[in-house]
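J.: Let's have the full structure, built from the sequences with the hints guiding it.
Residue numbers (my numbering), protein chains in the order written: chain A, 1210 to 1414; chain B, 1210 to 1414.
Since the hints were derived computationally from the structure, they do not count as laboratory data.
Remember, predicted model here, so these are calculated numbers, not experimental data.
Note that beta-carbon positions come from the ideal geometry of N, C-alpha and C, so glycine has one too.
Just so you know, not all the hints are guaranteed correct.
[What the hints assert, rightly or not] Ranges between beta-carbon positions, derived for each pair:
#1 A:Ala-1245 to B:Ala-1295: 26 to 34 Å
#2 A:Arg-1342 to B:Glu-1221: 37 to 45 Å
#3 A:Arg-1223 to B:Arg-1343: 41 to 49 Å
#4 A:Ser-1268 to B:Pro-1259: 27 to 35 Å
#5 A:Ala-1358 to B:Arg-1343: 40 to 48 Å
#6 A:Arg-1342 to B:Arg-1368: 25 to 33 Å
#7 B:Ala-1358 to A:Asp-1365: 42 to 50 Å
[As the list claims (entries may be wrong)] Partial list, computed: chain B residues near chain A (C-beta under 10 Å):
#8 Arg-1241
#9 Tyr-1243
#10 Ala-1245
#11 Ala-1261
#12 Val-1264
#13 Tyr-1325
#14 Arg-1328
#15 Asp-1365
#16 Thr-1369
#17 Ser-1376
#18 Val-1381
#19 Arg-1383
#20 Trp-1384
#21 Ala-1390
#22 Tyr-1400
#23 Arg-1411
Number of protein chains: 2
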Amino acid sequence: MTATTPADLWPEVRPEAARRLLLAAVESFARRGYHATTTRDIATAAGMSPAALYVHYPSKAALLSEISRTGHQRTLALVEGAAAEATDPVRRMRRLVEDFTAWHARAHTVGRIVQYELRALPPEDFAVVAELRRRTEETVRALIAEGVAAGVFEVDDVRTTARAVLSLGIDVARWYNERTAEPPEELGRRYADLVLRMLGTRPVA
Amino acid sequence: MTATTPADLWPEVRPEAARRLLLAAVESFARRGYHATTTRDIATAAGMSPAALYVHYPSKAALLSEISRTGHQRTLALVEGAAAEATDPVRRMRRLVEDFTAWHARAHTVGRIVQYELRALPPEDFAVVAELRRRTEETVRALIAEGVAAGVFEVDDVRTTARAVLSLGIDVARWYNERTAEPPEELGRRYADLVLRMLGTRPVA
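T.: The following block contains the structure:
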């Protein structure tokens, strides 16, 4: 079960039937895996006929693409928003890790699909997602480099460190369980502490 | 394609046909996902008949269980081996992270299956794997706690930090690509540097 509602994840999707299909697809992919899920499974989970599904999405792949694209857009928006705040690099990195980690905890069911079914995307949709991922990584690298230049971070290898920062947050979707783990916001704060240590953070001058 | 050979991963498995079936299962699960793979797919990939497969493994689930159990045993052995070395906690943690990270880079195809198909395991096999995972996490927690007691680590939350250490290494299996990333051993050294920072390492007295 996802801990997020379709309204949280796809507030802009209309009509309601399309939104219901996205949620049904998420639950079906999470239960059976993408390859073993049929459009009939998804339609049934949404309380609709296969024909009614095709009114909104031409294929199972179109549903996966929509889930993956919107998930990547959402996390890129979090990362760019944190990186653009009018504060110092340490506070911006703290916000970035808090928000990115909490998102992957709250939306862990969607996060797993978004991360693990990349290779199932049609090539043109994969290209869009790859560009969103590239921008996300580039934003984190630029923020680390800015902190190094300002003398508040001390980092040996910006590329590997940026990948580690994102990897920690992404992997939350794999292991997070709302019954046994700390709440998403608390986990975000703890992970931000760990990441700022990884970055060799010094007091802001 | 896996970057490890069946001989590396299952040196103890005899006869050769059984080992070939394990490799074929890894490649088939990686390509199609576990649920969409049939025993016929696996037999064909191994150059065998379905009947010949059943001589060695009673089911697709039995192959997944063998892959998952041996993968978890291998990583637990690495972790316990590093934690038991006759050196200080800092050096032992460095070795642990280097070996754990390099394993997930080298065996990333197997690592993905081991991590992402846990819920497809039959309950009794899942219980075995869950126990191996519990011991792995407990070993890392104990080593961190030992370093804190010795005054060489400074950690706010041992449980969350131990999970982050393992999470960083496990997620390598998701993103690692031998064509674009640093070699496994180099990545292991860089990750060990990052983890020792996360642990607030101080010079060993």
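J.: So, for every hint listed, does it hold in this structure?
T.: Verification of the hints:
1. A:Ala-1245 to B:Ala-1295: 26 to 34 Å: violated, 49 Å
2. A:Arg-1342 to B:Glu-1221: 37 to 45 Å: holds, 39 Å
3. A:Arg-1223 to B:Arg-1343: 41 to 49 Å: holds, 46 Å
4. A:Ser-1268 to B:Pro-1259: 27 to 35 Å: Check passed, 31 Å falls within 27 to 35 Å.
5. A:Ala-1358 to B:Arg-1343: 40 to 48 Å: Once the Cβ atoms are compared, 44 Å apart, the range 40 to 48 Å for B:Arg-1343 and A:Ala-1358 holds.
6. A:Arg-1342 to B:Arg-1368: 25 to 33 Å: Cβ of A:Arg-1342 to Cβ of B:Arg-1368: about 30 Å, so the range 25 to 33 Å holds.
7. B:Ala-1358 to A:Asp-1365: 42 to 50 Å: violated, 29 Å
8. Arg-1241: Constraint on B:Arg-1241 satisfied, holds at 5 Å.
9. Tyr-1243: Holds, about 7 Å.
10. Ala-1245: holds, 3 Å
11. Ala-1261: violated, 25 Å
12. Val-1264: Check failed: Cβ of B:Val-1264 comes no nearer than 26 Å to chain A, outside 10 Å.
13. Tyr-1325: Where the cut-off is 10 Å and the nearest Cβ of chain A is about 6 Å from B:Tyr-1325, the hint holds.
14. Arg-1328: holds, 9 Å
15. Asp-1365: holds, 7 Å
16. Thr-1369: Holds. Min distance 5 Å.
17. Ser-1376: It holds, given that the least Cβ distance between B:Ser-1376 and chain A is near 4 Å, below 10 Å.
18. Val-1381: holds, 8 Å
19. Arg-1383: holds, 7 Å
20. Trp-1384: Check passed: Cβ of B:Trp-1384 comes within 7 Å of chain A, closer than 10 Å.
21. Ala-1390: Since chain A brings a Cβ to about 9 Å from B:Ala-1390, closer than 10 Å, the hint holds.
22. Tyr-1400: Holds - the Cβ of B:Tyr-1400 comes within 10 Å of chain A, reaching about 7 Å at its closest.
23. Arg-1411: Violated - the Cβ of B:Arg-1411 stays beyond 10 Å from chain A, reaching only about 12 Å at its closest.
The earlier numbered hints that this structure contradicts are 1, 7, 11, 12 and 23.
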